[in-house]
Amino acid sequence: MDRAITKKVTVQCYHCGEDCTNEIIQNQEKSFCCSGCKMVYEILQQNGLCDYYSISNNPGKNQKTKIREDKFSFLDDIKIAASLIQYKDEERTHVQFYLPQIHCSSCLWLLENLHKLAPAVISSKVDFERREVAIVFEHKNYSLRKVAEQLTAIGYEPYLSFNDMGKQLPKTDSSKIYKLGIAGFCFANIMLMSFPEYFGIDAKEKDLLVLFRYANLILSLPVFFYSATEFYNSAWKSLKHKFLNIDAPIVLAVWVTFTRSLYEVLSGTGGGYFDSMSGIVFFMLAGRVLQDKTYRQLSFERDYTSYFPIAVTRIQDNQTEAVVLPDIKLNDTLLIHNEELIPADGILTMGKAFIDYSFVTGESEPVAKEMGEIVYAGGKQIGSNIEILVIKEVAQSYLTRLWNKDETTIEKTNEHSFVHLLSRYFTWIVFGIAIAGATYWFFKDTDRIWNVITAVLIIACPCALLLSNTFTNGNILRRLGRNHFYLRNAQVIEDIATADTIVFDKTGTLTTGRYNDIQYEGATLTWQQKQQLYALASQSTHPLSKAIVEWTGETGSRKVHAFKELPGYGIEGMVEGNFLLLGSKSFVTHQESKEENDSIVYLSIEEKLMGKFSFRNQYRKQIPDMLQFINKKYALAVLSGDNAGEEKYLRELLGFDTHLLFNQNPSDKLQVIKRLQTQGKKVIMIGDGLNDAGALQQANVGIAISENNNHFTPASDAILSAWQLPKLYQLIQLCKFNKRVVMTAFVISVIYNLIGLFFAVQGVLTPLIAAILMPCSSLSILLVTYGLSNFFGTRLGLK
Amino acid sequence: MSVIIILLIASIAVAALFLAAFIWSVRDGQYKDEIAPAVRILFDDKPSEQIKEVEEAKLT
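Those sequence lines, one after another, are chains A and B. Following the numbering used here, the residues of the first sequence are numbered contiguously, the last one being 814. Following the numbering used here, the residues of the second sequence are numbered contiguously, the last one being 1278.
A few of these clues could be false.
Below, computed lysine-lysine pairings styled on DSS-like, alpha-carbon distance capped at 27 Å [unchecked claim]:
| id | chain 1 | residue 1 | chain 2 | residue 2 |
| --- | --- | --- | --- | --- |
| 1 | A | Lys663 | A | Lys647 |
| 2 | B | Lys1250 | A | Lys103 |
| 3 | A | Lys754 | A | Lys647 |
| 4 | A | Lys140 | B | Lys1250 |
| 5 | A | Lys689 | A | Lys751 |
| 6 | A | Lys545 | A | Lys579 |
| 7 | A | Lys191 | B | Lys1250 |
| 8 | B | Lys1250 | A | Lys257 |
| 9 | B | Lys1250 | A | Lys814 |
Think of the hints as simulated: they come from the structure by calculation, not from any bench.
Build out the structure end to end from the sequences listed, making use of the hints.
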């Protein structure tokens, strides 16, 4: 009982808020978990920036992993620096850094007070959503490297990737917003000035009416020539591809309305329909803007360049120099430091490699490589420095080639949406009605023919369809976003709805990638032995050691002597006079063992075999239930880069119809998707790492799973937060409802159209009727789409 | 009724002013980062306990 209490009372690090497990460093009554955290505190304290700690509690990020001192030396290279700098004049340099650590208001405050730490910094401004800081500094006696090092010193290490090189500031296209603003302005004023037209005006004020009409004409020009270009461009593009999309009939209607109104005003026969025209352009643009909701903090376009470092160290004639990735040549010798990424395939020539391929293969366990073995690009070295001899250039390396494969870059067009097809039928019907009306009036009263034809086209343009589509899409995207399911664009909604096959990656997607599921077999360990095991295992950073640390559930600070870690085999050390061995069977028992299993770890104390730990990747919570449920509705497949150890479990869960494929390398995964597609299947691929990147691109919809929105996800159509994966079925259902909502709203608006047509075919469509029908129909579409999609969302139990 | 013309000009001028303000604010990037400005305005030389509470409520 006592022990349980003492375990709870742990000391929190003043800087990062994590529990101080191994040692507690004291400084002026403040406790720190590591010297790194203490150092940051001291820097801030000396500069009077301790408000950092009062704005939010424990705002820092853990500083346990030390950053190599000359890590940013490559920034002294003029060529590299120039590729990062945005603007430079004689005195000042403007640069932007991505700082993934930014997470709270303290971060914002500290980074914007950077000038107090470094007087050469003139200004620093944080973009919180993008986690970027824009810094302006005087480069006379300060350098880019110093800025980066200063940021690192206070715990905000800039993330510099190959992708940043020569990057232009992404231009946000706000032309649609301007078009919307102008259309809104013109629409409101035209409406206002059309009141005399609606309600009539005294005969003696006739001149005033003419004035109003011409004012309307002038105000409609920006709408016609600027705001509506959005639709002209899109219609023209689709016509060039010999395809009639929904924008074509809309453009026709806008032009007919404008020409007829122009004719009426110039000939003095009427007021025209400028109000309806600008109104419809305004509402349609509003729908488009809503639908184009972008998630600025996310990127759907990442390729390997975002993962790769900007520069690495090359050894030439016994000297080290920084070299940018494209300049790496065959037969160069590269020096890879601890925690650095291997940028090109090579042969290990010096040192012992212990490589973490987790983001290439999804495997959480590092792989040991001996001298002379090939190491592939994309792995992260853990431990001591190594040297590799480059055998393939960066662009030719295994991983990068996978990205550059032509077959993975398929253009996904949105031309096959049901909306476009529907609009075509609609257009033909409208033409039919227009011709029928014209024929009727041809025999009755030929003067009215043009009046009738134009009125029919004005009333019955498929704008209702476009409106209901864009507003529904916009609302569904928002709703999905609230549930942490972010789609690249609106077309993805429909792609998800029409899919019939779901392919899962196992490691990292269905499982957490951590070894939480541990089983111990063997002699029962005493409390003291557990403590010793804890002490030994906590010395290692290997994921299996970490899992064992958690399993012991102990805390304490027993000293470990003669600790040794043999990568790929195990760890050993003396704790309180006992010699402990923890590792593979051959390592612990000193006997050759044929059946080596990566996920079994043996323990011996004083050369006496105590027992073994077996590990299993833990499935995310509720995942088995979700899989079983989805299995009934969709064809499923599970791909895994791991061995077939879990096959039995998955078979029991999913039955015999499901494809279960193990030992799949990245291009195998891509081929599986391709094969399914040639069978006519529409495939959703759900994966997490770079190893799934090819498959995610190939699939009709690629969904990347992200543990945390800060993390990089491979290029995909959608990003889903890991903890929302159990809701996958509901999220897909909501996408399916999308079409139903669009159709419902459309049918309602057709009723308005029919009323309008009733007047139009008789040739008595007054501007007042048009002016009432148009906003009514738009507003009811808005209400119906919003109400229905929210109703379905709530019924599915989504946020 | 020439007063109507003056009113007309005035009303359009006011609306145009708002349109200009809108375009300026978009161009200025005021809609880009929706989190930072709201937090930044609360910083002063010495943040008090009260501010801290407000911000925490905002960010969570």
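Inset, instruction - If any of the earlier hints don't hold here, list their numbers in rising order. - result: Structure breaks hint 8 only.
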